[in-house]
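S.K.: Starting from the given sequences, assemble the full structure and let the hints guide the process.
Take the sequence shown: its letters are residues 3 to 566, numbered as in my numbering.
Think of the hints as simulated: they come from the structure by calculation, not from any bench.
Note that the Cβ used here is the ideal one computed from N, Cα and C, for glycine as well.
All clues given are correct.
Simulated restraints, written as ranges between beta carbons of each label pair:
(1) Ala386 - Lys536: 41 to 51 Å
(2) Gly476 - Gly526: 10 to 20 Å
(3) Asp430 - Gly526: 22 to 32 Å
(4) Ser391 - Thr524: 44 to 54 Å
(5) Gly84 - His533: 51 to 61 Å
(6) Arg449 - Thr176: 46 to 56 Å
(7) Pro156 - Leu429: 40 to 50 Å
(8) Glu159 - Glu388: 44 to 54 Å
(9) Gly57 - Ser535: 48 to 58 Å
(10) Ala301 - Ile377: 31 to 41 Å
(11) Arg375 - Leu195: 48 to 58 Å
(12) Thr176 - Ala99: 25 to 35 Å
(13) Leu311 - Gly526: 41 to 51 Å
(14) Ala386 - Asp430: 16 to 26 Å
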Amino acid sequence: MRRHPLLDEARSAWRRQETETAVRAALAAHAAGDDDGLALACSIALRGYRADLLGAHRNEIAASPAGAPRDGVLAMLQVGHGDLDGAVARLVALADAAADPQRDPLEDEGMLLPLLLASLAAGCVVSASWVRARQCIDAARAVMAAASGIDGAPPPEHVPFDLLGLEAVVERHTGAGDAAHRALVETLAPLRLRNSLTSAHALALVSLGSVEHVSGRLGEAALNLARGIRLTPAWRPGVRLHGEVELALVRIRQGRWRDAAEGVRTTTARVGSIEHDWLEPPALAVHGLLLALRGDFDASRPVLERVALLCRHTPSFLAQMVLTHARIMAAISLSDWPALQRALDDATEPGYRHPYRVDEWRMLTLLAAWHLRSIDEFRSGVLAWEAESAADESAYCWAFVSILAEHDGRYAEATRAVDRALGLLSLDNDPLGRAWVRVVAGIHYSRFGAHGQPDPLRALVVYEDASAELTELGAGGLARRYDEAVAATTTAVVRVSPGEDPAARLTDQQRKVADAVGQGYTSGEIAGLLHLSKRTVDYHVANIMRRLGVSTRREIARVLGVRP
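M.R.: Now the structure itself:
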């Protein structure tokens with residue numbers, strides 16, 4: 003029988019990476035009576051990650067001979083209906099079978115079965131089904147090894163890299179050592195050095211970034227996630243979405259909230275895709291988290307509740323990580339300490355890996371214990387942490403040491419601990435953690451100062467530093483709360499020093515801003531002069547007016563005697 007010309011059109015469209023056009027042409031050839039059309043449509047759809055295009059032909063495909071094209075489509079359609087376990091069982095069984103009765107019309111482009119198993123492994127990783135993911139990875143490697151032993155076709159170029167990256171993620175989340183992670187780093191390093199990374203390495207890079215994120219290496223995580231996203235081809239939207247969401251969470255933890263918001267501004271799960279139910283929860287979760295961080299809890303609450311509901315039906319380890327971060331940040335912002343404890347308890351469930359560093363996690367657990375008045379638990383936790391050698395360089399640990407010392411009436415020791423905590427703060431700390439340490443210091447200085455006497459001016463400095471950073475971040479809810487502390491402390495400063503030179507109430511940075519205001523510069527111009535953002539300058543101006551007891555910029559110059 004003569005080959006139908008639509009098959010050639012389908013192959014041409016596939017070479018142009020026009021998956022949908024290619025599948026339609028192959029199906030048209032099948033409808034015209036060419037028996038090769040259906041198998042070609044299946045192979046193209048699977049290689050282009052568009053098995054959803056064949057949903058209406060499920061019965062015809064099921065009636066065709068067993069093999070990678072048929073069983074691959076059936077497995078992916080099972081995934082689309084939420085039967086991930088059934089899909090894994092189908093393809094693992096096919097991998098175990100020696101024969102493959104249905105010929106793959108595109109086998110010259112690489113073995114199809116390892117690609118399918120790697121795709122299923124990715125789905126298992128997304129849903130935190132670590133044992134199933136390992137099954138798929140092992141089955142794919144066994145098929146590839148068997149084929150190489152008989153000079154069979156290798157898989158498509160990206161498949162070995164996909165498997166290596168996915169194995170590293172499974173290894174990290176199951177505590178199975180670091181051999182896969184080391185192998186992944188060693189494989190990608192020479193390619194990176196030669197600037198030879200391509201779209202074939204996209205999932206491997208995203209996977210490496212994910213492992214680094216969960217390990218607390220945020221800088222490395224951001225670099226690899228960002229590069230993986232850039233290299234992800236359009237026909238792998240699931241890889242791109244996962245990378246975008248995880249990079250946004252990393253950016254948030256780095257204090258780059260605006261970058262995070264911009265990175266996921268258009269991130270949505272494609273409606274109708276096989277992956278939709280696995281991708282919708284993390285996509286929604288990151289938008290809900292950004293709303294919560296801005297203090298818009300009325301808008302974030304229904305979004306996050308929707309994510310929690312979706313995760314009950316379709317688990318997603320990334321959505322759960324984002325959701326946990328949102329719950330923790332919302333609880334702290336609202337001073338809802340029972341909610342904080344519930345979020346921490348949920349994040350310690352077996353098999354779950356939260357993304358926090360050891361000192362961050364200890365900080366959160368002790369914060370909950372202190373505010374819930376679990377003093378014995380708080381005391382034992384602080385003393386155990388303080389006894390560790392690494393604790394000496396932890397700003398968080400010293401802040402808790404100061405709280406405990408103050409509670410016990412050891413005020414001089416508390417002051418030394420607060421000073422140490424402030425001295426250790428750096429950009430390596432989460433910005434919300436930095437703000438919290440400053441608030442601890444502000445409370446201590448406002449009550450006890452350096453010599454047992456209240457020092458509201460010193461307290462005001464650290465309160466304003468905390469509030470300025472939160473304002474710059476866009477953390478509206480927390481910034482408003484700390485602004486109240488700034489206002490109250492400013493009142494105390496003005497009250498205790500009515501005859502003092504007004505300039506003495508200003509910090510060095512505020513004096514520079516005040517001098518520039520007196521010279522008639524606008525906030526935008528001052529920002530350029532002092533290498534600050536306009537938002538920070540406006541915040542300084544507001545605090546200067548509050549400290550000086552004036553209401554206009556013109557009065558700043560009058561009170562300080564600044565001459566144009």
